[in-house]
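Visitor: As a plain string of letters, each chain reads:
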Amino acid sequence: MKRHSVVAAGIVGLFLVSGCGGAPPTTSGGGNSDSNGQNAEGSSNGLSWSGTSDPSLKGQTITVLWTDTNGIRGKLLKQFTKDTGIKVKEIGVDYNSVYNKVTTAAMARSSDIDVVEMDTIWAGQYYKGNIAVDLTHVIPKDVQDKFTPSSLSAASYDGHLMGIPWFSSSKHLFWNKELFKEAGLDPNRPPKTYDEFLKDSKIIQSKLGGKGIYASGWSWKQAESLTCDYVGFLGAYGGAFFDKNNKPIFDTGGGLQGLKEMVTLMKSGTVDPASLQWDEQDVANAFMAGKIAMMSNWEEGDNLNDPKQSKIAGKWAVGLLPGEGQVTSAACTGSEGLAIMKTSKHKEAALAFLKWIAGDEYQTMEYKQEGQYPSVQALYTKLSSSDKSGLLLKFDEQFKYGVNRPNAPGYVQWSDIISARLHDALLGQGTPEYNLKVAANEVQSQEALSSSQ
Amino acid sequence: MKKFYITQRHKDVGFALLLILPTVLVLLRIFVYPIYQSAVWSFFHYNLMDGSPVQFIGWQNYKDVLTSVAFWLATQRTVYFTVLTVLFELVLGFFSALLLNQHFRGRTFFRAIIIIPWALLTLVNGLLWDWIYQPGFGLFTVLLHGLHILSPQQNPVWLANSSSIMNFVSVADIWKMTPFMTLILLAGMQAIPEELYEAVAIDGAGFWNKLIHVTIPQLMPSILVAIVLRIMGAFRVYDILTVFTGDPQTSITYLTFNYAFRYFYLGKASAMAWISTIFILILIVIYIRVLKKNLDQA
Amino acid sequence: MAVSAVRKRLFEPRPSELVPKFWLWLGLMLLLIFTLAPFVYLFTSSISITPDLLSGKLLPHHPTLSNYVNLLTGQGSANYIAAMRNSVEVAACTTVLSMIFGILAAYAFARVRFPFRMSMLFGILAMQILPSISILVPLYIMMRNGVSITIPFTHITWQTGSLLDSVWSLVIAYTTFSLPFVIWLLAGYFQTISKDLEEAAFVDGCGRWRAMFRVILPLSVPGIAATAIFTLLNAWDEYVIANAFTQTYASKTLPIAIAEFVGKHGMDWGLMTAGGFVGSLPPVIIAMFLYRYIVNGLTAGGIKG
Chain A
334 MKRHSVVAAG IVGLFLVSGC GGAPPTTSGG GNSDSNGQNA EGSSNGLSWS GTSDPSLKGQ
394 TITVLWTDTN GIRGKLLKQF TKDTGIKVKE IGVDYNSVYN KVTTAAMARS SDIDVVEMDT
454 IWAGQYYKGN IAVDLTHVIP KDVQDKFTPS SLSAASYDGH LMGIPWFSSS KHLFWNKELF
514 KEAGLDPNRP PKTYDEFLKD SKIIQSKLGG KGIYASGWSW KQAESLTCDY VGFLGAYGGA
574 FFDKNNKPIF DTGGGLQGLK EMVTLMKSGT VDPASLQWDE QDVANAFMAG KIAMMSNWEE
634 GDNLNDPKQS KIAGKWAVGL LPGEGQVTSA ACTGSEGLAI MKTSKHKEAA LAFLKWIAGD
694 EYQTMEYKQE GQYPSVQALY TKLSSSDKSG LLLKFDEQFK YGVNRPNAPG YVQWSDIISA
754 RLHDALLGQG TPEYNLKVAA NEVQSQEALS SSQ
Chain B
3 MKKFYITQRH KDVGFALLLI LPTVLVLLRI FVYPIYQSAV WSFFHYNLMD GSPVQFIGWQ
63 NYKDVLTSVA FWLATQRTVY FTVLTVLFEL VLGFFSALLL NQHFRGRTFF RAIIIIPWAL
123 LTLVNGLLWD WIYQPGFGLF TVLLHGLHIL SPQQNPVWLA NSSSIMNFVS VADIWKMTPF
183 MTLILLAGMQ AIPEELYEAV AIDGAGFWNK LIHVTIPQLM PSILVAIVLR IMGAFRVYDI
243 LTVFTGDPQT SITYLTFNYA FRYFYLGKAS AMAWISTIFI LILIVIYIRV LKKNLDQA
Chain C
972 MAVSAVRKRL FEPRPSELVP KFWLWLGLML LLIFTLAPFV YLFTSSISIT PDLLSGKLLP
1032 HHPTLSNYVN LLTGQGSANY IAAMRNSVEV AACTTVLSMI FGILAAYAFA RVRFPFRMSM
1092 LFGILAMQIL PSISILVPLY IMMRNGVSIT IPFTHITWQT GSLLDSVWSL VIAYTTFSLP
1152 FVIWLLAGYF QTISKDLEEA AFVDGCGRWR AMFRVILPLS VPGIAATAIF TLLNAWDEYV
1212 IANAFTQTYA SKTLPIAIAE FVGKHGMDWG LMTAGGFVGS LPPVIIAMFL YRYIVNGLTA
1272 GGIKG
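Residue numbers (this note's numbering), protein chains in the order written: chain A, 334 to 786; chain B, 3 to 300; chain C, 972 to 1276.
What the hints contain is simulated information worked out from the structure, not anything from laboratory work.
Hints should not be assumed to be uniformly reliable.
No farther apart than 30 Å at their CA atoms in a straight line, the calculated lysine-lysine pairs in the DSSO-like style are these [said to hold, decoys possible]:
#  : chain 1 : residue 1 : chain 2 : residue 2
1  : A       : 532       : A       : 514
2  : A       : 641       : A       : 479
3  : C       : 1166      : A       : 510
4  : A       : 514       : A       : 721
5  : A       : 770       : A       : 532
6  : C       : 1028      : A       : 544
7  : A       : 580       : B       : 65
8  : A       : 532       : A       : 648
9  : C       : 1028      : A       : 648
10 : C       : 992       : A       : 641
11 : A       : 715       : A       : 474
12 : A       : 514       : C       : 1028
13 : B       : 295       : C       : 1166
The task is simple: from the sequences and hints, build the whole structure.
Guide: Next up, the structure:
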């Protein structure tokens, strides 16, 4: 028996060596030997904002990878082909697959995909990982100025514009006016600070807690959604993730106070304990069922007013998330951009597409058909006259107080580290001080690891 | 005569090679090269997303992985999950098989029904159990309230922390994979001759005696096969966990996947994959040796 | 007297059996509840309206088929149906290919003595142990560039174009991943068939080839069927590779379609439960109708490795 195992292992080894010996690893994996080439680049990448109407682009086909699971976006693309003569192949996937697909394609040095979605947290990786074209000097300054600050900053990393701003998004405070009334609170006056938030929460809890209602619900499942909410608290207390030397400082000052406030809320018994298992959709579901009086969530609207899904149609309002002290309000930004892949063979056509995306026509269509909020600032005043709900301007107000997650290349892993520690602190396993200290150390060692080698 | 023997043998070998050729070609072409590649990567610093250069670093990735807290925590939880699920699946599967091996009216119906969980899509199984564990309105909480095990005020958050998540994930996996165990053991039980039971029954053997003296010894080969297949499956738990939690330290595969496809530490991820592979390989070799000994004695 | 007779019937098993009637039925009922409760819950959830679900009602108070209508005629219905078709194609092709390759190789391993037989068998089995994710990237590159297979000692090369976003990339990957297991199960089953039958065929003048088709294969139908079902279910179920290799609904399979009900910030439970229920029906039905083959085909299969 022993002999067999040894021989078996030997044979596997033999296959490995003889079958494929000598494959040079640096080229075999599509390694990034030109990884530092990005810095030398600038306006020299041959792309020109004014060259997008070049007739030679007609008849080219570009491939776009983005979130589109119901096919609505795909239909809008026909208009682009009509306008420019450039054909579009759409790869519509679910949000959770976008990042994997982009990076797998980049690893394989594949030129199959030309334009890709870029969530704000990926900008650093797209830059450092040599995935997307740096558009800082391609998109003229006066065009850049037309975007909402929220969406423009979300598409930038360290001064580099890595994609065209695609839409604006952030978290907002939603509250149930009817529950506010029942608890004896003014339904038109949501809490302005987290102190007030806690005070109001306690009132709601004491009046309505007996009915199984909680004052607030949050997306505090151990995942990105938890980091997002933490960013809002950190911002409200004037904190920052890193100092000027890229040293993590979120374990002190506003970052620490923010987490302490989250823990205080959790311990006060006013937060639905299920929050620790919820993502944003779960929170919205609980809000629609009338089980929580307040929630922090992304742009919701039609769902909440659909009587088939919602028990609170017409009974809710939305406004600014609380701030504290000097800070009026702070909310995590979720705006996204669209980037051009470095490996694309149709970059100019892709740029034409980006230009179209940033145009009023597309932005208006997306807003009307999918309720996606424009990245172009001027559209907010223009569209608000026909917006009966008044949501457009309310959301726009919050966008001004957006806080970005630190979208450096290591962010995805930092977020995993941080959300694990936040979750522990919320569960009461270790103090906020201790947990943030550990997270800061881990983030720093990760930082050191990737820069030293 | 001797000459004939040799040609016959040659013919046999040629024939065998011809039959094996398609498989070997496919495996060599599709499987071996990527395996080789991942082995090579495991010796390189190969971070895709931070712009650092690719370079040979010897065993450093292996050292890093073996000294990282995350890896051992994930290993510990994976082993816990594997032991817990395989044990429960074995016991439950064994008794289910025992029941379904008897003669009774409607046996076909029962045998067909129990396969349902196994045939359910793994992803759907994960989402379904996540739904069941929803606090407040999920089946689990509603049942416990209905049975007055929980008072109406109590509303625990089942999937709040990663250690307890392992238990809840185990339940979901046990539900889905017990039928698989049942099928293999039922197959084994069918091969046990009834005379063996009748023989010990004459000596007055009851349920436990029959079990210990006939069923278990006769079933040993099937049990070992079932165990090894399930260990290999359970050790790779991934899909369900991604639904339940964003914490990659809940299983080795989850951690490896995140290292490879979220953080893009391809070198480290490859090293991690090889370490866990070697771990399973050792388990399998031990299994094979035990099995061999077992068969030699039989 | 009557009482003790009933007692005897309920609590004393027949000599050849183990479990008395009472415990048998008690166990069967528990088994039935354990097995069916979550599945039934999946179904009842799929015909409930959202507010009912969120208020913890186990049985739908306002049963509705709207989730199914939405699934099969709504916005994403064309996608879901395309995914269903792709899944059928992938699962069927994978199974057929794995069976052809697997039967040939397993026969050689089980029935022909040749040098390094056992070592090769173990070598093939060992390949199955490496987690598939660790070779996903190299495999992706290979699929993108197209696969070329050259028949040894000849210049006949079979070269494909890029296989990404085609069901063939999945068929090739799944076939490769399932072959070791297929060979192992089948070789085990072939070994259980008496050599005398085959030798009788040799005496009748059959060659190896004919003996295989005329004697071994017909006797191995249960084993082949069981192996085929395992392969089929695995191909139907696979998610990670499919997620990497597919791009559009030209190749996306069911698990991908269902994963797409999960949005950026959460999921549509109604659609998921309906989609999950429909997507699970084919394997559930196949497994339920063919279970006897699984049970009989596994007998002794794979045990003597």
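Visitor: Next, verify each hint and record whether it holds.
Guide: Hints, one by one, checked against the model:
{"no.": "1", "hint": "A/532 x A/514", "verdict": "holds, 15 Å"}
{"no.": "2", "hint": "A/641 x A/479", "verdict": "violated, 39 Å"}
{"no.": "3", "hint": "C/1166 x A/510", "verdict": "violated, 82 Å"}
{"no.": "4", "hint": "A/514 x A/721", "verdict": "holds, 24 Å"}
{"no.": "5", "hint": "A/770 x A/532", "verdict": "holds, 29 Å"}
{"no.": "6", "hint": "C/1028 x A/544", "verdict": "holds, 17 Å"}
{"no.": "7", "hint": "A/580 x B/65", "verdict": "holds, 26 Å"}
{"no.": "8", "hint": "A/532 x A/648", "verdict": "holds, 22 Å"}
{"no.": "9", "hint": "C/1028 x A/648", "verdict": "holds, 24 Å"}
{"no.": "10", "hint": "C/992 x A/641", "verdict": "violated, 50 Å"}
{"no.": "11", "hint": "A/715 x A/474", "verdict": "holds, 22 Å"}
{"no.": "12", "hint": "A/514 x C/1028", "verdict": "holds, 28 Å"}
{"no.": "13", "hint": "B/295 x C/1166", "verdict": "holds, 25 Å"}
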